[in-house]
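Peer 1: Throw the hints in and build the complete structure from the sequences for me.
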Amino acid sequence: MIDDHPMIIEGYKNTLLGENQKEYQIKIDIASNCDDAYASIVKSSETVPYDMLFVDIKLPPSSDGSITSGEDLAKHAKELLPKSKIIILTMHREDHRIHNILKNINPAGFLIKSDLTSSELLLAFNNILKGKAYYSATVNDHFRKMMTNKFSLDEKNLKILYHLSRGVKTKNLPNYVSLSLSAIEKRKNQIKEMFSIAKADDQMLLEEARKRGFI
Amino acid sequence: MLRLFFRFMTFFSFVIVVGCYNSDQNIESEELKSNLIESYMDESVNKQNSIEERKNSLEKAYSICSTLNNSTFKIEKIQNISFTYYSLKDYENYKRMNEKALKLSTEINDSLNIARSYAYLGIYYRPSKLDIAYENFYEAEKIYASLSGNISRKEIAFDHGKVLVDLAQILRKTKDYGKSESITIKAIESFEEAENDLYIPMCYTNLGNLANSLEHYDEAIEYHLKAIEYAKGTDKEIPQTLTSFNNIGIVYKSQQKYDKAKEYYHKALSYTEFLSKRPRRHARLLDNLAYVNFLSKDEADIPDLFYMALKIRDSINDQNGIATNTLHLAEYYKSIAKDSIARVYAERSRDLSIKIQNNGDLLKVYRLLSDISDSKEGLSYANKYIVLNDSLIKEERLFRDKFARIRFETKEIAKENQQISRENQILIIAILGLTALFLLGYIIFRQQQSNKELLFAQTQQESNEEIYRLLLNQQIKLEEGRQMEQQRMSEELHDGVLGRLFGVRLSLDGINQRANDGFTEARNKYIDELKAIEKEIRLISHDLGAETLPSDVAYIDAVENLIKDLCEVHKIEFEFNNDEDIDWEGIDDQKKVNFFRILQESMQNIFKHAHADHIKINFDYVDSTINLTILDDGIGFKANKVKKGIGLKNITSRVSQMNGEVQFLSNEGSGTKVSVHVPIEAKVEEVY
Chain A
1 MIDDHPMIIE GYKNTLLGEN QKEYQIKIDI ASNCDDAYAS IVKSSETVPY
51 DMLFVDIKLP PSSDGSITSG EDLAKHAKEL LPKSKIIILT MHREDHRIHN
101 ILKNINPAGF LIKSDLTSSE LLLAFNNILK GKAYYSATVN DHFRKMMTNK
151 FSLDEKNLKI LYHLSRGVKT KNLPNYVSLS LSAIEKRKNQ IKEMFSIAKA
201 DDQMLLEEAR KRGFI
Chain B
216 MLRLFFRFMT FFSFVIVVGC YNSDQNIESE ELKSNLIESY MDESVNKQNS
266 IEERKNSLEK AYSICSTLNN STFKIEKIQN ISFTYYSLKD YENYKRMNEK
316 ALKLSTEIND SLNIARSYAY LGIYYRPSKL DIAYENFYEA EKIYASLSGN
366 ISRKEIAFDH GKVLVDLAQI LRKTKDYGKS ESITIKAIES FEEAENDLYI
416 PMCYTNLGNL ANSLEHYDEA IEYHLKAIEY AKGTDKEIPQ TLTSFNNIGI
466 VYKSQQKYDK AKEYYHKALS YTEFLSKRPR RHARLLDNLA YVNFLSKDEA
516 DIPDLFYMAL KIRDSINDQN GIATNTLHLA EYYKSIAKDS IARVYAERSR
566 DLSIKIQNNG DLLKVYRLLS DISDSKEGLS YANKYIVLND SLIKEERLFR
616 DKFARIRFET KEIAKENQQI SRENQILIIA ILGLTALFLL GYIIFRQQQS
666 NKELLFAQTQ QESNEEIYRL LLNQQIKLEE GRQMEQQRMS EELHDGVLGR
716 LFGVRLSLDG INQRANDGFT EARNKYIDEL KAIEKEIRLI SHDLGAETLP
766 SDVAYIDAVE NLIKDLCEVH KIEFEFNNDE DIDWEGIDDQ KKVNFFRILQ
816 ESMQNIFKHA HADHIKINFD YVDSTINLTI LDDGIGFKAN KVKKGIGLKN
866 ITSRVSQMNG EVQFLSNEGS GTKVSVHVPI EAKVEEVY
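Chains as they are written, first to last, in the working numbering: chain A, 1 to 215; chain B, 216 to 903.
By construction, these hints were calculated from the structure, which means they are not laboratory data.
Be aware that one or more of the hints could be misleading.
Stated by the list, open to error - Restricting the straight-line Cα-Cα distance to at most 25 Å, the calculated cross-link-like pairs of lysine-lysine (DSS-like) are:
id	chain 1	residue 1	chain 2	residue 2
1	A	Lys132	A	Lys145
2	B	Lys626	A	Lys145
3	A	Lys13	B	Lys740
4	B	Lys806	A	Lys169
5	A	Lys58	B	Lys750
6	B	Lys750	B	Lys394
Peer 2: Written out as structure tokens, the structure reads:
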């Protein structure tokens with residue numbers, strides 16, 4: 001279990017240990033930062049690999065700066081412990097982040113903390129153990145939205161829309177999306193074309209994006 | 216009979232003159248008058264008339280003449296009248312006419328005639344009052360000298376020469392030989408310039424006499440011969456020759472070359488036919504010849520020659536001649552020791568000399584008388600001689616002094632005039648200079664004043680802008696601080712509080728699932744409540760963290776605050792829109808300040824004049840141009856009828872500072888629209 005809040009790990013433990021201790025022998029290692037987590041993963045890959053990893057997205061980065069989030073950590077884990085089931089637990093529920101995580105890590109479980117109850121956690125835990133993936137309702141929602149669209153927006157476009165919807169200025173977007181301003185402008189125009197609102201302003205773009213569920 | 220007719224005619228024409236005078240036929244009347252004058256003049260020179268009649272004619276001519284308008288014509292007429300008076304030996308009227316001519320020519324500023332009048336008056340005074348004559352000639356000379364280089368140069372040069380000759384002669388008489396000589400030479404030059412030789416012999420005669428007086432005898436003779444040379448072929452040849460021969464005789468006499476002197480006197484006396492008509496000359500030659508004979512002790516023809524001369528002189532009453540003649544006789548009788556006869560002639564000569572003021576002869580008489588009288592009487596004559604001699608010397612000196620003074624005074628006056636005119640000039644220049652200086656000073660003062668004002672306004676504006684900039688920076692910093700704090704709070708809430716709350720809820724939930732005390736449902740409710748709180752916190756965090764107020768909002772905030780404040784004060788509703796595409800952060804402060812001021816200015820105008828209830832202000836961004844539109848629903852104005860006030864001027868100047876355009880659109884009653892378009896260097900386009 002990787003999370004920088006002891007209280008949260010406490011909550012996971014309380015949930016899992018309280019209910020499942022009869023059926024499974026659960027041994028839990030905890031890490032509160034990327035360094036510790038990475039060390040544990042490496043160690044387990046050499047000895048007994050973990051069956052399941054609970055990964056928070058927002059974590060204190062590793063001291064050498066190579067691992068900055070749970071996302072990076074999960075990528076490493078997938079390589080080192082290919083058989084481990086990865087469960088992402090995060091406070092973030094923004095579409096583009098969900099999208100990203102799904103795409104990059106394809107975790108066995110994807111739980112949004114704010115949705116999460118102990119029973120849901122248990123449900124997820126059991127499903128995953130049985131080999132079934134489990135996603136939170138929010139994540140499923142996202143899936144649904146993505147499926148209903150004839151096309152999909154890539155991560156960068158989603159990011160642009162997301163930040164625009166937060167009120168970030170186009171000219172400030174390069175600070176949030178790793179693209180040049182001109183590239184961002186181009187992408188904005190592409191999105192507008194896809195939405196068939198080529199000459200619309202940003203306000204209309206966001207409205208359309210909301211309607212279509214990209215935000 | 217003829218004369219009667221003539222008289223009648225003149226009377227008739229006079230009537231016509233009088234009759235026509237008031238009609239506008241002045242020219243005709245002038246003509247008539249001049250005809251009339253001519254006829255009287257003819258009358259006056261008619262030798263058949265008596266002297267008295269001729270004078271009367273002249274008087275009449277003059278009285279008509281004086282009714283003429285002042286003109287050169289009138290002056291010349293008066294001068295002609297004066298000549299006739301002169302020829303009639305009426306010198307007083309001659310003088311009167313010329314004084315009148317002088318006055319008239321001075322009035323009409325006819326300098327040529329002024330000079331002529333002076334010269335004619337000089338001629339009047341010449342025989343009696345040398346000093347006054349000199350003064351007049353001198354005045355005339357001065358004017359002629361200043362007139363040289365005129366159109367009628369030759370004529371003037373001739374008149375000038377005549378005046379110079381007169382001056383030279385007067386100076387010779389007062390024994391100022393050097394001056395006389397130089398003036399005579401000037402006279403010759405004038406005559407040569409005039410190409411008129413008439414008076415050149417006279418000039419050489421004068422030069423000869425001068426040379427004689429200075430004892431340059433050879434020169435004197437040369438001059439006299441030259442005089443004859445110049446007179447040759449003219450109608451004055453004979454009289455000039457006689458004069459010169461006589462003068463040459465005198466020169467030789469002075470040199471004691473009596474034979475030569477006699478030769479020339481004889482030569483002169485050979486012109487018997489001419490001399491028979493000129494007894495005065497004849498007598499003088501005879502007397503001079505006799506005197507030379509007496510001096511050379513050639514006493515064959517004397518005293519007969521003396522008596523011959525004296526007889527002629529007596530017959531024509533030539534008093535000067537008689538005085539000299541009797542003196543010569545007295546000398547002769549004294550030389551032959553006939554003192555009693557000598558005394559008789561001497562006393563006659565003395566009385567006559569005293570009468571006609573022939574001082575030269577008188578002096579000689581006194582000396583002679585002192586020699587031939589007995590001791591007591593002789594002493595008294597000797598004393599008289601000394602007194603007279605002294606007084607003569609004194610008089611000569613006085614004359615010379617006087618002439619010098621005349622010259623000096625006129626020079627002084629000229630100098631004074633020059634001085635005065637120079638002073639005036641200096642005064643005028645000084646006044647002009649001072650005025651110019653004052654004006655310059657005033658202009659500079661005004662310039663400086665307005666410069667100062669301008670400078671003051673500029674510095675004020677600069678400081679205003681500086682203050683504004685500081686305020687803006689302050690606001691930006693404040694904004695940044697606030698945002699940073701918000702961000703921090705957002706993250707804190709999201710990552711810290713929310714995480715822990717989630718942990719707590721999850722733990723509670725987990726424990727709750729396991730508890731079977733019948734309160735599970737109740738606890739679930741609170742757990743849900745916790746979840747709701749989480750959601751709320753998350754939302755708050757999201758709101759805080761979102762970039763709702765990017766840094767460049769600060770400027771627009773300041774703008775909005777300005778609008779809000781002003782509108783609140785003036786109780787006007789407003790609507791404000793700012794295009795988010797405008798990159799206020801990237802726009803330089805100068806432009807931002809200008810926009811700010813334009814807004815301020817426009818709103819002031821609206822508040823002052825428009826009586827608007829509602830204003831709408833928009834910042835739009837189209838094709839890298841910022842368009843500021845300020846719209847009000849006030850009374851408006853006729854755009855072309857309103858003079859641009861300071862407000863509008865300021866707006867215009869600010870806009871042109873930013874290379875922008877401004878339009879003031881208004882119609883009476885339908886509000887006013889101020890549109891400002893300012894191009895912005897688009898960074899976006901540069902990246903493309």
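Peer 1: Hint by hint, say whether it matches the structure.
Peer 2: Now for the hints, and whether the structure bears them out:
1. A:Lys132 / A:Lys145: 22 Å, holds
2. B:Lys626 / A:Lys145: Answer violated: Lys626 (chain B) to Lys145 (chain A) is near 126 Å, above 25 Å.
3. A:Lys13 / B:Lys740: With a Cα-Cα distance of about 22 Å, the restraint between Lys13 (chain A) and Lys740 (chain B) holds, given a limit of 25 Å.
4. B:Lys806 / A:Lys169: OK: Lys806 (chain B) and Lys169 (chain A) at ~21 Å, within 25 Å.
5. A:Lys58 / B:Lys750: Given pair Lys58 (chain A), Lys750 (chain B) holds - Cα atoms ~18 Å apart, limit 25 Å.
6. B:Lys750 / B:Lys394: With a Cα-Cα distance of about 138 Å, the restraint between Lys750 (chain B) and Lys394 (chain B) is violated, given a limit of 25 Å.
Consistency with the previously given hints fails for numbers 2 and 6, ordered from lowest to highest.
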